[in-house]
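Number of protein chains: 2
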Amino acid sequence: MYNDQGFHVAVVGATGAVGQQMLNMLKDTTLPIRELTCLASKRSAGQTIDFEGEKIVIKEAVPEAFEGIDVALFSAGGSVSKELAPEAAKRGAIVIDNTSAFRMDENVPLVVPEVNEQALFDHQGIIANPNCSTIQMVAALEPIRKNFGLNRIIVSTYQAVSGAGAVAIEELRNQSQQLLNEEAIKPEILPVKSDEKHYQIAFNAIPQIDKFQDNDYTFEEMKMINETKKIMDDSNIRVAATCVRLPIATGHAESVYIEVDKDDVSSEDLKKILSEAPGVTLQDDPANQIYPMPADSVGKKDVFVGRIRRDPDIKNGFHLWVVSDNLLKGAAWNSVQIAESLVKLGILKLK
Amino acid sequence: MYNDQGFHVAVVGATGAVGQQMLNMLKDTTLPIRELTCLASKRSAGQTIDFEGEKIVIKEAVPEAFEGIDVALFSAGGSVSKELAPEAAKRGAIVIDNTSAFRMDENVPLVVPEVNEQALFDHQGIIANPNCSTIQMVAALEPIRKNFGLNRIIVSTYQAVSGAGAVAIEELRNQSQQLLNEEAIKPEILPVKSDEKHYQIAFNAIPQIDKFQDNDYTFEEMKMINETKKIMDDSNIRVAATCVRLPIATGHAESVYIEVDKDDVSSEDLKKILSEAPGVTLQDDPANQIYPMPADSVGKKDVFVGRIRRDPDIKNGFHLWVVSDNLLKGAAWNSVQIAESLVKLGILKLK
Numbered sequence: 001m002y003n004d005q006g007f008h009v010a011v012v013g014a015t016g017a018v019g020q021q022m023l024n025m026l027k028d029t030t031l032p033i034r035e036l037t038c039l040a041s042k043r044s045a046g047q048t049i050d051f052e053g054e055k056i057v058i059k060e061a062v063p064e065a066f067e068g069i070d071v072a073l074f075s076a077g078g079s080v081s082k083e084l085a086p087e088a089a090k091r092g093a094i095v096i097d098n099t100s101a102f103r104m105d106e107n108v109p110l111v112v113p114e115v116n117e118q119a120l121f122d123h124q125g126i127i128a129n130p131n132c133s134t135i136q137m138v139a140a141l142e143p144i145r146k147n148f149g150l151n152r153i154i155v156s157t158y159q160a161v162s163g164a165g166a167v168a169i170e171e172l173r174n175q176s177q178q179l180l181n182e183e184a185i186k187p188e189i190l191p192v193k194s195d196e197k198h199y200q201i202a203f204n205a206i207p208q209i210d211k212f213q214d215n216d217y218t219f220e221e222m223k224m225i226n227e228t229k230k231i232m233d234d235s236n237i238r239v240a241a242t243c244v245r246l247p248i249a250t251g252h253a254e255s256v257y258i259e260v261d262k263d264d265v266s267s268e269d270l271k272k273i274l275s276e277a278p279g280v281t282l283q284d285d286p287a288n289q290i291y292p293m294p295a296d297s298v299g300k301k302d303v304f305v306g307r308i309r310r311d312p313d314i315k316n317g318f319h320l321w322v323v324s325d326n327l328l329k330g331a332a333w334n335s336v337q338i339a340e341s342l343v344k345l346g347i348l349k350l351k
Numbered sequence: 001m002y003n004d005q006g007f008h009v010a011v012v013g014a015t016g017a018v019g020q021q022m023l024n025m026l027k028d029t030t031l032p033i034r035e036l037t038c039l040a041s042k043r044s045a046g047q048t049i050d051f052e053g054e055k056i057v058i059k060e061a062v063p064e065a066f067e068g069i070d071v072a073l074f075s076a077g078g079s080v081s082k083e084l085a086p087e088a089a090k091r092g093a094i095v096i097d098n099t100s101a102f103r104m105d106e107n108v109p110l111v112v113p114e115v116n117e118q119a120l121f122d123h124q125g126i127i128a129n130p131n132c133s134t135i136q137m138v139a140a141l142e143p144i145r146k147n148f149g150l151n152r153i154i155v156s157t158y159q160a161v162s163g164a165g166a167v168a169i170e171e172l173r174n175q176s177q178q179l180l181n182e183e184a185i186k187p188e189i190l191p192v193k194s195d196e197k198h199y200q201i202a203f204n205a206i207p208q209i210d211k212f213q214d215n216d217y218t219f220e221e222m223k224m225i226n227e228t229k230k231i232m233d234d235s236n237i238r239v240a241a242t243c244v245r246l247p248i249a250t251g252h253a254e255s256v257y258i259e260v261d262k263d264d265v266s267s268e269d270l271k272k273i274l275s276e277a278p279g280v281t282l283q284d285d286p287a288n289q290i291y292p293m294p295a296d297s298v299g300k301k302d303v304f305v306g307r308i309r310r311d312p313d314i315k316n317g318f319h320l321w322v323v324s325d326n327l328l329k330g331a332a333w334n335s336v337q338i339a340e341s342l343v344k345l346g347i348l349k350l351k
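Here the protein sequences come in this chain order: A and B.
Heads up: the first sequence runs through residues 1 to 351, numbered per UniProt numbering.
Heads up: the second sequence runs through residues 1 to 351, numbered per UniProt numbering.
None of these hints come from the bench; they were simulated from the model.
Where hints are given, some of them may not hold.
The list treats identical chains as interchangeable, and a pair is accepted whether it falls inside one copy or across any two copies.
[Unchecked claim] Cross-link-like lysine to aspartate or glutamate pairs, in silico, DMTMM-like; alpha carbons within 20 Å at most:
id, residue 1, residue 2
1, Lys271, Asp214
2, Lys229, Asp313
3, Lys271, Asp216
4, Lys186, Asp50
5, Lys272, Asp216
6, Lys301, Asp263
7, Lys229, Asp311
8, Lys262, Glu117
9, Lys82, Asp216
10, Lys42, Asp285
11, Lys272, Glu106
Chain A extracted, bound-state conformation (with noise of 0.2 Å):
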C-alpha cells in the first residue's frame, strides 16, 4: 500500500484503542502513504507494531520526531496534544487532533467531513477531530437540518466502555466475569479514572462520562452541547444532553429527539433524506425488526438510524435512533476521513 509519491504520516499514541483503529483505517485509506511513523509515551517506545506485514518499531513522541512529517494523527489524550501538537504544526505537518484539546479554539477547524469541511481551509496547522457522540449524532442530524431546518436537539446517550480505553473494556469483560460467577468487585477505571469514586459497570449503568462541570453537567455533555453548535456553526440550536455510560464494549447509540423548523415535514420525508445522505444507513422498518443497535455496528465505517417516527403530539417533533461504532466514525475512521479531504480539497499536497 506504500506509495512513493505519498505523504508521510505519524500516529500518536499508535498502542491504544483509537491509535489501533487509526492504523486499520489506513490500510485502505485513499490517501497516499509513503511512510508511516508511529509514535507514543516513553514507555511503549521500542515496542513493534505490525503494520501490513510489516514491523513498525514505536518512537517516542517528542517534537523532534515530528521532523519531515505531513500529517499527524494525534490520540494520547489531551496533555500530549496540547503539548505536542503546536510543536508538530511548527515543523510543517497538519495534525488531526483527537482530543479535547482544541476542539473549542476558534482558530481550530472542528470537522466532520460530511458536515463541515469547508471549515478546513481555515486550518492554521491543527484540526480537530469532535467528540465520538457528537460525530454521529451531526452526520445523521445535517442531511435533515440542510433540508428542513433545525431548531433543537435533546439527545441521550448509551455509551460503549471503549470510549475510555482499552483497560475500560478489560474492566467490563473482567467484571461480568466475576458478577457472573457471584464474585467480589473492584471497580477502578469507570466511570473516569482519574476520580475518586469508581462504579460497577457490568450489567448497571453510570450517568457520568467525563469529569462534572461547575453546572452539574459532565463534560461529555457539554462537549455534545459545544461541539454541535460549533461544527453546525449555528450558536441558534438548542442542544440538551444527557450522557451515560453502559455495559457495551463498542458502539455508541443515542436516543435523539428533534424539532425542525419546517411545519410539513413527515417521518417518511426524513427516511428519503438520510437514505441518500453520505456516510448513513438508514435501517428502519419497524415492521420486520429493523433498526440499528451497537453489536451490529462494530467494524462499520456508517452512522446507522432507524426508529424515525414523529411525536404524536408535536408536528415538528421527531424521535431517532443513531448507532455508530465509537473507535471507527466517532474516532480513528473521521481522522483519517478528514485527512482525505485534506487531499480532495488540494489543501494537503505532496512537495
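Got chain A sorted already, so can you dock chain B onto it with the hints?
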C-alpha cells in the same frame, strides 16, 4: 404475620418474576392478611412455594378459585387477566392487575398511590397497576407537576431485562457467559418472545420493548405516553418516549427531560420538592459523584432521582435521571401499595 382479622389475598402468577416479588412485598405489608392463596397455570399447579416458613400449594387459576378472595393481585400475562379478572371481580374480589389488559379501560382506575390514590374510589372491581417504566417516571414528576406545572415530557429509557420475565434474566446471563467465552449465541427470548426475530442482548442495546404498533412506536412507548396522561389526568401533557432494552438484570433507568409551566423555577427548587416527596429518594450531588444507578436500586421500594439540571438554552427545561427497581415500585410493590391504600381509604373493609 397472619392476622385472624385480615383479608384473604390471592396472588395470580405466583411463580413468575413479579409474582415472586409480590409474595416478598406481602411479607412486610401493613395489609392485614388472614389467608394467602397462590394461583398459577395448570402446569405449575401442585408445586409448593415457601412463604414465611409455610409451604403453600399452588392451585390452578380457574374462576372458582376466586370464591372468598378479598384481594387478587394478578401478574400472569394479559390474556389470563382478561379471562379471569372479571371472574374474580364477579365473585367479590378487588382485582389489582399488573398487566396491560385493563389499563386504558375508562372504567378502570390506573393508580400510582403517590400520584392519584383518590382514583381508587371509582373502581368497579378491577384496578390497574401501570407499566413499570411509567410508574417510576410519574412518581418522580408528580411533585414537580403539582408545584410548578408540567407541559412536556421527553423520555428515553434504559430498561432491565427482568421486565421480560425470569427467562430473559436467564438469557442475559447465559449469553454474557457465552460471549465472554467467545462462543456462539442463539437469542430466543428478547426483544419479544412471540416476535419473529430475536437479538443479542448481552453487551448490546435493543431499541424495541414489546411489539411495534402501526404508528412505528412500540407498545411500551405508547404505554408510557397514554398511561402518563391518564394517571396525571391531563391529556394536554405532551409525552414523547423511546424505550430501550439493556444488558441489566434489574433496575430501570430513565433520562427524563421536562418543561415546567412556571418560568422562574430553579434546579434547586426541583431538588427541594423531590427531597420531600413521598416514595422518592433524591441522590443528587455531582461534586461527590452521587447519582442513582440501577445496580444500587435493586431490592429497594423507592424511586431514586438525580442529575437534576436546567437546560442551558431553555429557561423552563430540566433534565432528571430516574431509577427504580422495576420489579418492586414498577410492579409488585406498587400493586401491594394499592392494596394498602384501599384499606387506608376505607374502600377495602373487613367483612
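Hint by hint, here is what the structure shows:
1. Lys271 / Asp214: Between. Shortest inter-copy distance 17 Å satisfies the 20 Å Cα cut-off; intra-copy 39 Å does not.
2. Lys229 / Asp313: between (27 Å within a copy, 12 Å between copies)
3. Lys271 / Asp216: between (35 Å within a copy, 13 Å between copies)
4. Lys186 / Asp50: neither (34 Å within a copy, 35 Å between copies)
5. Lys272 / Asp216: between (38 Å within a copy, 16 Å between copies)
6. Lys301 / Asp263: neither (33 Å within a copy, 44 Å between copies)
7. Lys229 / Asp311: between (24 Å within a copy, 15 Å between copies)
8. Lys262 / Glu117: neither (25 Å within a copy, 42 Å between copies)
9. Lys82 / Asp216: So lysine 82 and aspartate 216 fail the 20 Å test inside a copy (26 Å) and across (47 Å) alike.
10. Lys42 / Asp285: neither (50 Å within a copy, 39 Å between copies)
11. Lys272 / Glu106: neither (35 Å within a copy, 40 Å between copies)
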